[in-house]
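With chain A's structure known, arrange chain B on it following the hints.
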Amino acid sequence: MKKFLFASILLVASVSAFSQGKYISKNAYISFYSSTSMEDILGESNEAVTILDSSNGEIVFQALMTTFHFKRALMEEHFNENYMESTKFPKAKFKGTIEGFKKEMLTSPVSNIKISGVLNVHGVDKTITAPGTIGLENGKLIATSKFKVIPEDFGITIPSLVRDKIGKEMEITVKASYLPYGQ
Amino acid sequence: MKIKYAIILVLVLFVIGAGVGLKMFFKPHADISKMEAKYKITAAKLIDKFQSFEEGATKEYSEKVLEISGKLVAKNKLPDGTDLLILEDEMQGISCQLDSTWAANNQSVIQNLKNGSPVTVKGVCKGFLMEVKVSPAVIVK
Numbered sequence: 083m084k085k086f087l088f089a090s091i092l093l094v095a096s097v098s099a100f101s102q103g104k105y106i107s108k109n110a111y112i113s114f115y116s117s118t119s120m121e122d123i124l125g126e127s128n129e130a131v132t133i134l135d136s137s138n139g140e141i142v143f144q145a146l147m148t149t150f151h152f153k154r155a156l157m158e159e160h161f162n163e164n165y166m167e168s169t170k171f172p173k174a175k176f177k178g179t180i181e182g183f184k185k186e187m188l189t190s191p192v193s194n195i196k197i198s199g200v201l202n203v204h205g206v207d208k209t210i211t212a213p214g215t216i217g218l219e220n221g222k223l224i225a226t227s228k229f230k231v232i233p234e235d236f237g238i239t240i241p242s243l244v245r246d247k248i249g250k251e252m253e254i255t256v257k258a259s260y261l262p263y264g265q
Numbered sequence: 059m060k061i062k063y064a065i066i067l068v069l070v071l072f073v074i075g076a077g078v079g080l081k082m083f084f085k086p087h088a089d090i091s092k093m094e095a096k097y098k099i100t101a102a103k104l105i106d107k108f109q110s111f112e113e114g115a116t117k118e119y120s121e122k123v124l125e126i127s128g129k130l131v132a133k134n135k136l137p138d139g140t141d142l143l144i145l146e147d148e149m150q151g152i153s154c155q156l157d158s159t160w161a162a163n164n165q166s167v168i169q170n171l172k173n174g175s176p177v178t179v180k181g182v183c184k185g186f187l188m189e190v191k192v193s194p195a196v197i198v199k
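Residue numbers (the numbering used here), protein chains in the order written: chain A, 83 to 265; chain B, 59 to 199.
Calculated from the structure, these hints are not laboratory results.
The beta-carbon is built from N, C-alpha and C at its ideal position, and this holds for glycine as well.
Incorrect hints may appear among the rest.
Here are the simulated lysine-lysine pairs, DSS-like style, with alpha carbons at most 30 Å apart [claimed, not checked]: (1) A/LYS175 to B/LYS172; (2) B/LYS135 to A/LYS153; (3) A/LYS170 to B/LYS107; (4) B/LYS85 to A/LYS247; (5) B/LYS92 to B/LYS135; (6) A/LYS250 to B/LYS81; (7) B/LYS172 to B/LYS98; (8) A/LYS228 to A/LYS257; (9) B/LYS103 to B/LYS81; (10) B/LYS133 to A/LYS173; (11) B/LYS85 to B/LYS96; (12) B/LYS96 to A/LYS153; (13) A/LYS230 to A/LYS257; (14) B/LYS135 to A/LYS104.
Cβ-Cβ distance ranges computed for the label pairs, FRET-style [stated by the list, open to error]: (15) A/VAL206 to B/ILE61: 53 to 59 Å; (16) B/MET82 to A/LYS228: 29 to 35 Å; (17) A/LYS230 to B/LEU67: 48 to 54 Å; (18) A/GLY205 to B/ALA88: 26 to 32 Å; (19) B/GLY114 to A/LEU243: 35 to 41 Å; (20) A/TYR263 to B/GLN165: 27 to 33 Å; (21) A/ASP122 to B/ASP147: 36 to 42 Å; (22) A/PRO262 to B/ILE74: 55 to 61 Å; (23) B/LYS122 to A/MET120: 32 to 38 Å.
Non-contacting residues of chain A with respect to chain B, defined by C-beta distances greater than 12 Å in every case (computed) [stated by the list, open to error]: (24) SER119; (25) MET147; (26) LEU156; (27) MET157; (28) PRO172; (29) GLU181; (30) LYS185; (31) SER198; (32) THR215; (33) GLY217; (34) THR239.
Looking at chain A on its own, in the form it has when it is part of the complex (with noise of 0.2 Å):
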């Protein structure tokens, strides 16, 4: 008797952690891409770290930016040493909520949202809404978003010399898939 419930108290608390709690992607996949007729510039990384509350469909994103990888070293090398400049800005932030937040978003098919809040690029805060989507996907809570920033926005100086190789718009494409996190 004492076992049994031992059990459904164990359950009871768990099924609750489970609907009030935060998911977690530790592999976020984040990709930038810029096109211009001198070169297609593509870096990706697929170590982001994001956390989803889903109290209050907050979204707290991170990504290292050594993490980027490049078609070429050297683009690798400048990314990190000249424009992002690592070492002074490791982490590239976002922190905002989905508009019009509904729990059951988290639980039904994918559904179109919009993402609002606050990027943090190369140490500089800017506010940005993007479009997205979340939803069960295959058994799986997947969020993705897409939209595009401006490097000089962030105050990302990029030398005439090479400015027309590197196109005026990043296109941001992130993709995660969540799992529950927490006790």
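Okay, now just chain B, sitting in the frame of chain A:
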């Protein structure tokens, strides 16, 4: 006559310059399996260093090649096929993404690794995001 030599000299310098430039432009990614570890450290100590003073540990270890020994707690494959080893703690441990070329040639080594057993990896430390990120990495033993 002197002018002729000068022209040849300029041409030679130009070819060398262009060669060096192209070599730099197409420089391949460093091969982690051939790189020497700058520090040898246990997984527990590395985690402790990042958790107690992240900024200092980032300065000391970020972008450095480390040889890390610890306990394997999880082995995963990411959607893109990358092999992932997690040391010490599944949530706040060390996440090592294996070098894809190395992993392709050493699948048996990866498959023989058992959760709970000791493992030593060598890889580039990328910093700290809840866990210590190491990529690319190879298994040493």
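Looking back at the hints listed earlier, which ones does the structure fail to meet?
1, 9, 25, 26, 27, 28
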